[in-house]
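> We have chain G; now place chain A onto it with these hints.
Next come the chains, spelled out residue by residue.
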Amino acid sequence: MTAPRPAKTDRDEVFVEYTKSICPVCKAVVDAQVNIRENKVFLRKRCREHGEFEALVYGDAQRYLDAARFNKPGTIPLQFQTEVRDGCPTDCGLCPEHKQHACLGIIEVNTNCNLDCPICFADSGHQPDGYSISLEQCERMLDVYVAAEGEPEVVMFSGGEPTIHPRILEFIDAARARPIRTVVLNTNGIRLASDRWFVSALAERGVTVYLQFDGFKPSTHELIRGRDLRERKARALDNCAAAGVTVLLAAAVERGLNDDELGTIVRFGVEHPAVRGVVFQPVTHAGRHLQFDPLSRLTNSDVIDALAAQLPDWLRVDDFFPVPCCFPTCRSITYLLTDGQDVVPIPRLVQLEDYLDYVTNRVLPDDGVRAALEKLWSASAFPGTATTAAQLECATCGVDLPESLGDVADRAFMLVIQDFQDPYTLNVKTLMKCCVEEITPDGRIIPFCAYNSVGYREQVREQMSGVPVADVVPNSVQLQPLLGPSPYGSKIAGNGHAQPRRDQTNVGRKLRR
Amino acid sequence: MTDVKACCAAAYDSDVVELVLGTSYHPGGLALTRRLAQLAELRPGQRLLDVACGQGTSALLLAREHGLIVDGVDLGEESLQRARAAAEQAGLTDRARFSTGDAERLPFDDSTFDAVLSECAFCTLPDKPPAAAAFGRVLRPGGRVAISDVTVAAGALPQNLRDLAGWIACLADARPLEEYARLFTDAGLPVTTTERHDEALARVIEQIDARLRALRMTGALDGLDVPRALELTRQAGGAVAAGHAGYALLVASKP
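Chain order of the listed sequences is G and A. When the count follows this note's numbering, it moves up by one through the first sequence with no breaks and lands on 517 for the last residue. When the count follows this note's numbering, it moves up by one through the second sequence with no breaks and lands on 262 for the last residue.
Chain G extracted, bound-state conformation:
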């Protein structure tokens, strides 16, 4: 009698993408694959030096795959700043292989901050060895942006904490003096809470405030910001309302920490006169952050599910639509019409897929409505600005609603879900169409997620401050034995620079030499 032969078994996952990523430890470029298991999407890669890494990138595989329909052909910028040399993601940027222009340009004016939050992708704080940019540098950065875009939609000043830069208003004026439609200030709100003159100065300049606002529980403030800022946030918002400054709340969301507060934040925002929208961002595990497990991190679909569960009378999962300008799995948006009593999501009024599904629609309707919807479902939409208001009106008039609805549409409330990539989740395929860009003092335009994950942030800080900066390594559960502290509170590989930084896989070698 012969022994039974072993039976072949199937893999427990569906292989859907082959791409590139980086080793989260040494940042070497490595091959990566995207797989689906149990209706969840994972990115896996292997570094010869540091082993295998896997991270959850989307909590709902069906929606991940379905989002592909909303992939809009990119627009070529007027200028590229670098050449293609080694390939993505080490040629930033933007290099001629980048698939999209910049919808949103970010200028980080400093590394200093008046807070030392436990969570900060920029690794900022009260630090003696950082940098801040000069007016000349700021003007150069703006000029690079204008040269690339012609008439850029949005510039966002960030940091560090931009409001503590002594020349921030001059920076804003410099942006205003150029053909840039919208100026946004990304702030923790501390200065806005106490300095009404400054808030009026922002109002005079038509600046939109992007206010960090993570929730209401004391524990949320304690764990994300290191101190209870509820009082200050409230005062900052009231000062903005009094001065007529439009505010978008930006919430960093971490699993098990404040993901139960999403509905409360939206309700608060809808009721507050200054607030015109909320941006929910799963915490980016770049820079400084709490220990996390990449296999159970929060993703866009998780945030959308949580919102629908917490606001069942207002929202459903399918009220959110992927944003076509970037890779559609990066960002989802909806708009709510509201009169203070009732709330109606705009996608229930418009058959959005008839306009934004670029795969099914061989010929797209070209009646102005599509153009308006494309602008609304993009990274450059900021409620309260004239352009976004006009697009909201156009979108609603295009669906045969009376003009009187235009006034309600003008005041539509925006909800954005944006999962930025980190050294674990970085997918070069996605990165190549990124439309949120960091403008660097040396005149490059670098996709935000590359800037935070690949080592560009460390490179720029080192160049600008003259102080060596080690590559930051994610504070993941799996990497704990390897990690040591950086001077800024983030984690680095125990010995500082981890070697090698060289591309390891499929780099042009032949099989037979």
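No wet-lab data here; the hints were simulated from the structure. Where hints are given, some of them may not hold.
So the derived list for chain G, only partly shown, Cβ under 7 Å to chain A, looks like this [stated by the list, open to error]: (1) ARG171; (2) ILE194; (3) LEU341; (4) ASP343; (5) ASP346; (6) LEU353; (7) GLN355; (8) ASP358; (9) VAL373; (10) VAL412.
Stretches of chain A that chain G covers, calculated by requiring three or more beta carbons in the stretch to come under 8 Å of a beta carbon on chain G [unchecked claim]: (11) 203-217; (12) 221-227.
Residues of chain G placed beyond 10 Å of chain A at every Cβ, according to the derived structure [said to hold, decoys possible]: (13) ILE40; (14) GLU42; (15) ARG229; (16) ALA238; (17) ARG259; (18) ASP309; (19) PRO349; (20) ASP411; (21) ARG448.
This one's a predicted model, so the numbers in the text were calculated from it and none came from an experiment. Glycine is no exception: its CB is placed at the ideal position from the N, C-alpha and C atoms.
Chain A in isolation, oriented as in the chain G frame:
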């Protein structure tokens, strides 16, 4: 009996019902129009008649994407004018014409068309057998009828649905899918394909709910009993969920 039909066409042309339903409304949107075209195997260069074409959205889509030569007929003059304007804007006037026409007395010669399309309209026709016969008359042998329409479950309607029918005209004379099929078969047009798309009707009902609520915010619905309309809409949603009402595609062919 032509009352219901004229009333429905008039309702689409103006007044509060248009506000609530929107002007270029039919369940499933462009996606279902494409699906229907696919099931009917429409080919470039073929002649298509769209009965109750409204503002010509589907007719123009099929002219553009499928290379068809389309005629649209409707009873609403304002809709027809908008359809002509849209054709002009799309540069499709050589391939898309729109004229006044009644489903039962189609103003075309026998055997003119390769296909007759009618979306969410057959249900509203009070006298269905002559309409089915008229569709067959203008088709050439081998031509197709492509219908998408509201369906109701066989047997007696629940009371709440009968209430609804008083408000939403298309429910008043909607039939079970099998009955539509029989109507065409009896008119000498055997049915080749049917396909259910109840979710498309659910989506429209939801859109009506959203439009009612959005319009209430503007005060544009003064004179309409909004709470009552919302309640009926809710019941309609319930009827679809319970399988009492739905939406379906049907393709029949002329031997």
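> Now tell me if each hint is right for this structure.
So, going through the hints one by one against the coordinates:
1. Restraint check, G:ARG171 versus chain A: the minimum CB separation of about 44 Å is more than 7 Å; hint violated.
2. With a cut of 7 Å, the hint placing G:ILE194 at the interface with chain A is violated, because the nearest CB-to-CB distance is about 36 Å.
3. The restraint placing G:LEU341 at the interface with chain A holds, with a minimum CB-CB distance near 5 Å, inside the 7 Å limit.
4. Hint on G:ASP343 holds. Least Cβ distance to chain A is approximately 4 Å, under the 7 Å limit.
5. Here the hint on G:ASP346 is kept, as its CB sits about 5 Å from the closest CB of chain A, short of 7 Å.
6. This hint holds: G:LEU353 has a C-beta 5 Å from the nearest C-beta of chain A, less than the 7 Å allowed.
7. Nearest Cβ of chain A to the Cβ of G:GLN355: about 4 Å, under the 7 Å cut. The hint holds.
8. The restraint placing G:ASP358 at the interface with chain A holds, with a minimum CB-CB distance near 5 Å, inside the 7 Å limit.
9. For G:VAL373, the interface hint is violated, since its Cβ never comes within 7 Å of a Cβ in chain A; the closest pair sits about 11 Å apart.
10. Annotation: G:VAL412 was flagged as interfacial toward chain A, and the flag holds, the nearest CB pair being 5 Å apart, inside 7 Å.
11. For the stretch 203-217 of chain A, the stated coverage by chain G holds: 4 residues have a C-beta nearer than 8 Å to a C-beta of that chain, and at least 3 were required.
12. Here's how the stretch 221-227 of chain A fares: 7 of its residues keep a CB closer than 8 Å to some CB of chain G, so the rule of at least three is met and the hint holds.
13. Separation of G:ILE40 from chain A is adequate, the least Cβ-Cβ distance of about 24 Å exceeding the 10 Å criterion.
14. The claim that G:GLU42 is not at the interface with chain A holds, since no C-beta of that chain comes within 10 Å of its own (minimum 25 Å).
15. Distance check for G:ARG229 against chain A: the nearest CB is about 36 Å away, which clears 10 Å, and the non-interface claim stands.
16. Against chain A, the non-interface label of G:ALA238 holds: every CB pair exceeds 10 Å, the least being about 28 Å.
17. Distance to chain A confirms G:ARG259 as a non-interface residue, since its nearest Cβ pair spans about 31 Å, more than 10 Å.
18. Annotated as non-interface, G:ASP309 keeps its C-beta farther than 10 Å from every C-beta of chain A; the closest such distance is 19 Å.
19. The claim that G:PRO349 lies off the interface is violated: its Cβ sits roughly 7 Å from the closest Cβ of chain A, which falls inside the 10 Å cut-off.
20. Not every beta carbon of chain A lies more than 10 Å from that of G:ASP411, the smallest distance being close to 7 Å; the non-interface claim is violated.
21. Even its closest Cβ contact with chain A, about 42 Å, leaves G:ARG448 beyond 10 Å, as expected for a residue assigned away from the interface.
This entry does not satisfy hints 1, 2, 9, 19 and 20, going by the numbered hints stated previously.
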